[in-house]
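Protein sequences appear in the order of chains A and B.
According to this note's numbering, the stretch in the first sequence is residues 1 to 445, in order.
According to this note's numbering, the stretch in the second sequence is residues 1 to 106, in order.
Calculated from the structure, these hints are not laboratory results.
Any given hint could turn out to be false.
Chain B is faced by these chain A residues, among others (derived, beta-carbon under 10 angstroms) [unchecked claim]:
id : residue
1  : Tyr17
2  : Ile55
3  : Lys141
4  : Ala343
Derived lysine-lysine pairs resembling DSSO-like cross-links, with alpha carbons at most 27 angstroms apart [said to hold, decoys possible]:
id : chain 1 : residue 1 : chain 2 : residue 2
5  : B       : Lys25     : A       : Lys72
6  : B       : Lys61     : A       : Lys72
7  : A       : Lys148    : B       : Lys25
The following residues of chain A were derived to be distant from chain B, with all beta-carbon distances above 10 angstroms [to be verified]:
id : residue
8  : Gly11
9  : Ala67
10 : Pro73
11 : Gly215
12 : Leu233
13 : Gln293
14 : Gln296
15 : Ala309
16 : Glu347
17 : Tyr348
18 : Ile349
19 : Val354
20 : Trp407
Cβ coordinates follow ideal geometry from the N, Cα and C atoms, glycine included.
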Amino acid sequence: MYDAIYIEGKGRPAATYVFEHFVNDAMSAASSKGMPVIRVVPETVVSESTVVATIEAAINAVFDNVASALTKPLTPDEMSPKSREPENPPRIIFKGTLQEVNRFFYQRGWTDGLPVIPPTGEAVAEMLTGTDLAPDALIEKLEPRLGKATVEKIAVNAVMAGCLPVHMPFLIAGVRLLAASPGCGMMAASTGSFSPFWLINGPGAEDANFRSTYGATSPGDIANASFGRAMGLITKNIRGIRKQVEDMGVLGNPGKYSWVAAENEENSPWEPFHVGRGFKKDETALTLMFPHQYQQMMPFGTDDKGILATVVGSVVPARMGAFAVILTPNNARSLADAGWSKAAVKEYIVKNTVVPEGYYKRLGLDDSKPFDRGNVAAAADKDHIFVASPLDPDPVRVFVFGGFGSWMGFLQGGPPPMTGKVELPADWPQLVKKYKNVVPTYARY
Amino acid sequence: MTSDKATAAYEVLSPWAEADPVPLKGLSPRLDTLDGKKIGLLCNSKRAAPLILDATEKLLKQRFPAATVSRFFARSFSVSSLEKDRAQEFDDWLKGVDAVIASVGD
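Chain A with its partners taken away, still in its complex shape (with noise of 0.2 angstroms):
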């Protein structure tokens, strides 16, 4: 829809099509531009459908209607439409019990399905320890819906999620790089249910007890399952992003509840991710990336030689987007001990992960395009899986999380990853001591 509304105010009438079930998802871009009247013509086509009869007699049906919306004359509220005031619901918004609030919640769509902390003034004056900023403070405004991410309402979605104070700082930098990444938003409302999937670097990382050992990923930890869940409250209620309204994803990705892992550090022989982004050892640092998919393999052998052949004899030329290998502390040691950095692991994946000679002609399917759209580069070198270009020119990332073990693992999908530091408050000491003994202690049995 951004380009029918800049095509409008260049002059030029404009009609689009939209497939029958994404005409919310396209008005609710068009509002958000300051468009609301714009012209689809609703149609039958399934997106990405490659049938071309379908396709034709689709289209064949709704063709008049594209016609009329380049010619029929404009209403006076399509010439100057009137004002309407966003939906800006007072702070205090509802009294009632812990079940009612969350009916409350849930009823408007405001929470992920499961139960919600409610977010009192006295429980967000407590998260709001966790920053020096001061609650009115506006971080960013969140696309597509230009929601205002002042303190304050991100303090109460991570109330909701379940957060800790010591989570605030995250939370602030993890709204910034939704905002610094220009492809985020169409992410978070893709058909291809892209999910974030947020990496935290640093000392930061420990001291807010986020895990990056065994079962880093999997429920169990409060910072690893507040916080993504946090970002995906404020996906929704800050962003705008609503499952079928706005989020189109057609499957869907339980990533969306929460997938956030610390790298570990401690146990990884080489620099740590963020290092290699140009942010120093000592600086607390998150990384977000948007895979619409996760992959585990038991390698073929543990050793340099088993680890590399799975990784670029497992990729399938029919992918997309940005990819990260994951590996564990062993697989990590198992390639350093054998001489490889983390530049040479990389670079021999890029190299040696190729097309099988005659892959798409045994197939039956044309050849002649890259399947990874994506990515213009790569119709000059069709041979290869990972090809870099102007937008993504690293296309192969590392990550070293999860406990001592030989499984490794994919990320694939979504745009280049985005690194932003995390600006820890003036207490954070006294903040750490307060909640770091928060964690689970479990029974023998």
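Based on the hints, put chain B in the right spot on chain A.
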């Protein structure tokens, strides 16, 4: 826990962000007819998009024989917001057409 609102325990803040009113813009004047006009066909990188425009071009030529078409292929989901390096190319293309039919593949 009571369900009596008079003794309810939680007074809660709204998680829904405030937003400023967005300055609204109207649409461009429409054409009197498509016949004899140059119609821009814009498709993004989604794979249904060019197929939709192929079908559109066929119908345009049938219904409005004097109309001509010019295509613009975006490399991404949105040329105007994600392809800043092509801003001039896109503007030049727009100047050369009378109206645009856009296919975004969704």
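Okay, the hints, checked on the actual structure:
A least Cβ separation of about 5 angstroms between A/Tyr17 and chain B falls short of the 10 angstroms threshold, and the interface hint therefore holds. Hint status for A/Ile55: holds, given a least beta-carbon distance of 5 angstroms to chain B, under 10 angstroms. For the restraint placing A/Lys141 at the interface with chain B, the shortest Cβ-Cβ distance is roughly 8 angstroms, inside the 10 angstroms limit, so the hint holds. Annotation: interface hint on A/Ala343 violated; nearest CB of chain B at approximately 28 angstroms, more than 10 angstroms.
The suggested pairing of B/Lys25 with A/Lys72 holds, with an alpha-carbon distance near 18 angstroms, which does not exceed 27 angstroms. A C-alpha spacing of about 20 angstroms is found between B/Lys61 and A/Lys72, which places the hinted pair at or below 27 angstroms, so the restraint holds. Between A/Lys148 and B/Lys25 the alpha-carbon distance is near 22 angstroms, which keeps this suggested pair within the 27 angstroms criterion. Annotated as non-interface, A/Gly11 brings its C-beta within 10 angstroms of a C-beta of chain B; the closest such distance is 5 angstroms.
Listed as a non-interface residue, A/Ala67 fails to keep its Cβ farther than 10 angstroms from every Cβ of chain B; the least gap is roughly 6 angstroms. At roughly 6 angstroms from the closest C-beta of chain B, the C-beta of A/Pro73 falls inside 10 angstroms, breaking its exclusion from the interface. Distance check for A/Gly215 against chain B: the nearest CB is about 29 angstroms away, which clears 10 angstroms, and the non-interface claim stands. With a closest Cβ-Cβ approach of about 7 angstroms to chain B, A/Leu233 is found to fall inside the 10 angstroms limit, against its non-interface label.
For A/Gln293, the condition that its CB be more than 10 angstroms from all CB atoms of chain B holds, with the nearest at approximately 18 angstroms. The non-interface label for A/Gln296 is consistent with chain B: the shortest C-beta to C-beta separation is roughly 29 angstroms, beyond 10 angstroms. Every CB of chain B is more than 10 angstroms from the CB of A/Ala309 (nearest about 32 angstroms), matching its label as outside the interface. For A/Glu347, the condition that its CB be more than 10 angstroms from all CB atoms of chain B holds, with the nearest at approximately 26 angstroms.
At roughly 29 angstroms, the least C-beta separation between A/Tyr348 and chain B is larger than 10 angstroms, which holds for a residue marked as non-interface. With a minimum CB-CB distance of about 25 angstroms to chain B, A/Ile349 clears the 10 angstroms threshold, and the non-interface call stands. At roughly 24 angstroms from the closest C-beta of chain B, the C-beta of A/Val354 stays outside 10 angstroms, upholding its exclusion from the interface. Residue placement check: A/Trp407 keeps its beta carbon more than 10 angstroms from all beta carbons of chain B (closest about 34 angstroms).
In summary, the numbered hints that this structure violates are 4, 8, 9, 10, 12.
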